[in-house]
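Novice: Heads up: the protein sequence lines correspond to chains A and B, in order. Read in the working numbering, the first sequence has 428 at position 428, and its numbers run on one by one without any break. Here the working numbering = 1-based position in the second sequence + 551.
Any given hint might turn out to be false.
What follows is a set of in silico ranges between Cβ atoms, one per label pair, in the way DEER data are often shown [unchecked claim]: (1) I601(B) x A313(A): 48 to 58 angstroms; (2) G315(A) x V745(B): 52 to 62 angstroms; (3) Y581(B) x V117(A): 30 to 40 angstroms; (4) L645(B) x D145(A): 53 to 63 angstroms; (5) T674(B) x R111(A): 26 to 36 angstroms; (6) T674(B) x G315(A): 21 to 31 angstroms; (7) V745(B) x E281(A): 49 to 59 angstroms; (8) L680(B) x K136(A): 17 to 27 angstroms.
None of these hints come from the bench; they were simulated from the model. Glycine included, each C-beta is placed from N, C-alpha and C at the ideal position.
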Amino acid sequence: MTRVMAQLAMVMNLDKCIGCHTCSVTCKQAWTNRAGTEYVWFNNVETRPGQGYPRTYEDQDKWKGGWELNRRGRLQLRAGGRLKKLLTIFANPLMPSIGDYYEPWTYDYDRLFSAPVTEDTPVARPRSLITGEPTKIKWSANWDDDLAGAPELAPADPVLRKMSDQVKLEFERAFMFYLPRICEHCLNPSCVASCPSGAMYKRSEDGIVLVDQDRCRGWRMCVTGCPYKKVYFNHRTGKAEKCTFCYPRVEVGIPTVCSETCVGRLRYIGLVLYDADRVAEAASTPDEKALYEAQKSVMLDPRDPEVIAAARASGIPEDWLEAARNSPIHKLIFDYGVALPLHPEYRTMPMVWYIPPLSPVVDVLRETGHDGERAGNLFGAIDALRIPIGYLAELFSAGDPEPVRAVLRRLAAMRSYMRGINLAGERDESIPAAVGLKGGEIEEMYRLLAIAPYGERYVIPKAHAEQGAQLEELATGCSLDYDGGPGMGGPFGEASGPPAPVAVENFHALRERQSTGELDRADELRGRVNLLNWDGKGTPDGLFPKRKDES
Amino acid sequence: MNALDVTLWVVAPYVALTVFVLGHVWRYRYDKFGWTTRSSQMYESRLLRIGSPLFHFGVLVVALGHVGGLVIPKTWTEAVGVSEHAYHLTAVVLGTVAGICTVAGLAILVYRRRTVGPVFTATTRNDKLMYALLAMTIALGLTATVMANIVGGGYDYRTTISPWFRSVFYFQPDGDLMAAAPILFKLHALSAIVLFAVWPFTRLVHMLTAPVGYLTRPYIVYRSRDDHAGSRPPRRGWEPAGRP
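The shape of chain B in the complex, shown without the other chains (with noise of 0.2 angstroms):
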């Protein structure tokens, strides 16, 4: 393992792992008010209409995929009887369909992006940046599939990808497992690494806040006025005096 592999697969994905997670600490403590999706669909809701729950729902399937290849290892789905032939073909089945449709829907929200004048104006440099990366590792990622199962004999990305990612959580980096993989999953892993640095900065920090809670809690919020005086918490130093 040479220097710039232990500085991709091992180096690269803690710094990103460390700045995913302080980011997010940090952009939760002192920008609460930039914590939103920023919706468009004031401006246009015609091609968000049909861009937007592709695209999402799209990536979620993807997202649970990933969960599948890369969190549960080859052994577990084995021993219940899960065929090496059976995991691939819904994998890649799946894994294609899924991708195009998020590839589809980001396309539609690009272009929409690009030519709806309003849109187009309420786009920040931030958001053209977060755009790039995340189409950059959706097109990799899709591309390295189709490349591997479709047109090549198929890649088990279970024996090497995998353990690797894994190695990353329980603190013993295997970046030999990594430098050995295909170009394309290389590509695909790096433009991911750099996507989940710069994450918690852009506003893709609404992921993190998916109100699942809405699921369970009461309709109607009734909260005091005593705990939300004022419009902003006071500052350590400055808390007023007859509060313990």
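Just chain A, same shape as in the assembly (with noise of 0.2 angstroms):
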């Protein structure tokens, strides 16, 4: 009998991004504008062709994250075993120093005002938050953003040295998309593999992987592990952190702030079910190309009554298994084909997947002068372009063009269609069955990647009722308990003592207001009493609002 697990996975559009960095900026205030966290971004857009943050993160030739086969074809840790591990455990050679990432800094806000009065304005001079010394800004997260300094920087990028020279000579017909990235989450992690400490887990309900910071000693081998680089080391607690999937948020229901505040409303949450005991098995696939499918074996069909009974059996609830069958994710990757994982050769399992963007190749059919919404231009296209092309094959199937292809065109096959419907009212049924798909099909995919709402976008079961009470945040804590408050700290200053609580919030109110279907219904308030204006005297008509069956 299989071993099904639930696993809440992403998927992101990568047409929609428009790069505004919002995700990053509201997860960063959400998670990581703490002391020691400076630099960590737990979720980034990168922008592409370029190096990401960390520099060059994607050249395990140096970095050594993930896993790859053995000569007996078996599985193991990239960077090395476990032996070797503990006996590099005093000095990481792998571990990225903070200028592969970048030196955060603030600025002398205080000289603006306390500048005596002189004939030049005063200026806020850069300074480095790791040193408190006056620094040069250099390099940041996102500094070759929109492809700036590319003909210097992006030569370097990884997955662009991997393709041949014929790139370097046609970059200046520049192709550029934005990648968001968090934590992938993967099913075969290799960050909770290199945990000397075992403090790294996968959560046995959703997949979630966390790292347990009263376990966490601080060995730095995650870092190394994690191919993506998204395992982050805290240099004031010396405790490695890591993107959370805001797990406070979706345990009660409500998608990550990532999702939530994305301005393209680019971003899938839903669940998956997969074979647990397959993991391994699909993750040794010899061929790397073939690691696309071999993902895709191993997550189950929650529409099939095997699988169905098999969940049951392994403790999955009904309402997760209601969530699974309506998952966009399942839709995406199954359905409608389009979702692909990023950098499958790193044999992790990613569950963070991606719709590679179509909009490279649309560009250049409408900077030629074709008309890039016709299906035969598109498709020619497709199949001409090999520059986009090669480079998303690198990024999504291990350099495999064909899986991207497809993708593509079935997103080409969209685009005509419903150009079709929309201008000339007529549906041109040959489209639809170019890429093999019905055009029903191709509606319900147009509807999911265009005008889903938030309820079809984010499916999240919450966490169980009956598990309800452990998952509120007890009020018992000291609320100046935090770090910087005048509580905070423990024997040992200021990396001691326990952690701050992660949420007070009550979750409940906000999905409420942000689902409820009664947004639009303006004339609420109408026929109501303005209490402002109410001299206490008496209860007139509208002080209370109408009783359901008054209505």
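Join the two chains into one complex using the hints; note that each chain is given alone, in its own frame.
Specialist: Take a look at the structure:
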């Protein structure tokens, strides 16, 4: 019998990302605006082609993140086995330095007020948040945003370097897209496998990968182990920190902060069921290019009665099974087949997938004077444009252009089929047929990708009611007991003592407000008494809302 | 045995041992979050990559040597046919090499801590005290060995210091043995006693959680949400209803 586990997964539709960094900023405000995490971005947005954050993190010949197959064809950590890890524990040779991320800084704002009167305007100079000394700003988490400095910087992009020299020659005909990244919450997480203390774990209920801060001893192997470099070292507390998939939010059924605030509404969250016993086998697939299909084969069909029975036997509650059946993630990966994993060749089985962008192709067509919405033109361009396709293939399918091409053809088909409906009122069924879909499926896909409301984009089952009391933060801690607060710190200064509570907010109210269908009832308050005008005498009509049965 | 000797070689070891054990228990219960190596590799790794392994491997060998010299009685080694001369030669050579590695590593690490800006900024007063005690203990130990064996004619601590060390652990402390030892060994032992007393309150605690379990555990760790609800366990008397 298969051991069914549930996994919260995300899909991002890259065509809709405008590179505004709202996800990064709101995530930082929520999670990493503390001392020691100044340089940490659980969510960051990279311009591609570009070096990424930390610089050239995808160069696994250098950083040795993720898994590889050894000579006997078995999975092993690329950075070395258990013994090697313990022997290099005193100085990890593969750990990125602060310079590989960037040196965080602030400005000397006080100068603006305290400077004596002079003829010159006082200037707020940048100061390093690491040393406190004046510093020169040389790099940041998105220094090469929008291809800034690309002629010098982009050639160092590890993905670009994998491709042939013709890319460099044709780089003038630039293409560009944004890649927002969070922790992949992998099915086969190499950070967890790298942790000597066993402090990192995968939650068996929802698959979120977390760090137990009370068990982390700061050995730093997780930073090396993660090929996406999404585990960070808090240099003040000496503990590892990472994206939490906003677990206090998803536990009460609301999406992560990055999804919630995404301006382009390009993120989808939902459940995926998978066979936990087959993960290692699938991750050991010899051919890197077959890893995408191997990962798909581990995921189970939530509508299959056998899977449902096995899931029940594995203790997955009914409402979770229901959510898995409605999961937008499952639809995007299987029904429409447009989502691909990021770097499957790392063999970690990542669970944040991407819909590759069609826009580089459309842009080329438009710039060369062609109709960028006509199916024939788009299909032809997808087959002919080797550089964007090759680049996307290095990101999403271990270099195999076929899966990327298939996805882009479907996206192209959706474009022209929907244009036909909207402009000419005709359904050209030859277009969906060319990509192996039916017209109705294309329309459903269009709805999910373009106009799906909140409740369809985020299908997040709540953590269980019977566990609810445990999930509430108990309000027994001192409210001043946060970092920098009067009650802060343990017996040994800033790094000691218990951690600050993660959430004291009641998320239910927020969710009700955001997901209610009544937002458009603007006349709700009509006929109600403005309390500012009420003198406190009597109970005029409208002082209290009408009872349901009266109205 | 005068009052001073009793204080130094009978009372102080027990005080230090008690503080060492109870201190760790207390720290583990109340400050798990502070239980870390607090690595500074992020700031600087060129010097660390030389100094840290040199120091750590050196000090591990030194620690093993102390187990061999202090814990294992002379009669046992002689029973298996290791002559005094053979033991002595191994101990002095191995001890001196490991000791020099340790001191060199420590020197690099202290130099790094003082000269690399971010590392110095991240150094607390607690760290400085710990470094001073650790450096003093190691320096005294190495000096005692070198003075006794290379400059002097050799000193058989296995007939004096080792029996005293063991006598502390089976609760029949024999302070006279230690009172007769050379001054450098006495200072080394005293310095170590103080070091062990402050140990649980410094970052040295990371030694007690050396991750040897990593060699045997499965790679991927799964954990249920149930036993880790909230960011901290409820305090006594504040457990939610419905749990026995």
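Novice: So the hint says 21 to 31 angstroms: do the beta-carbon atoms of T674(B) and G315(A) match that?
Specialist: 49 angstroms Cβ-Cβ, so the 21 to 31 angstroms window is violated.
Novice: Using the Cβ atoms, figure out if G315(A) sits within 52 to 62 angstroms of V745(B).
Specialist: Distance hint for G315(A), V745(B) holds at roughly 54 angstroms.
Novice: Is 26 to 36 angstroms respected by the C-beta to C-beta distance linking T674(B) and R111(A)?
Specialist: holds (28 angstroms)
Novice: Using the C-beta atoms of I601(B) and A313(A), is the stated range 48 to 58 angstroms upheld?
Specialist: holds (55 angstroms)
Novice: Indicate whether the distance between the beta carbons of L645(B) and D145(A) respects the range 53 to 63 angstroms.
Specialist: holds (57 angstroms)
Novice: Against the range 17 to 27 angstroms, how does the distance between the Cβ atoms of L680(B) and K136(A) compare: consistent or not?
Specialist: violated (35 angstroms)
Novice: Range first: 49 to 59 angstroms. Now tell me if the beta carbons of V745(B) and E281(A) are that far apart.
Specialist: 56 angstroms Cβ-Cβ, so the 49 to 59 angstroms window holds.
Novice: Range hint 30 to 40 angstroms: satisfied by the CB atoms of Y581(B) and V117(A)?
Specialist: violated (53 angstroms)
Against the hints set out earlier in the document, violations occur for numbers 3, 6, 8.
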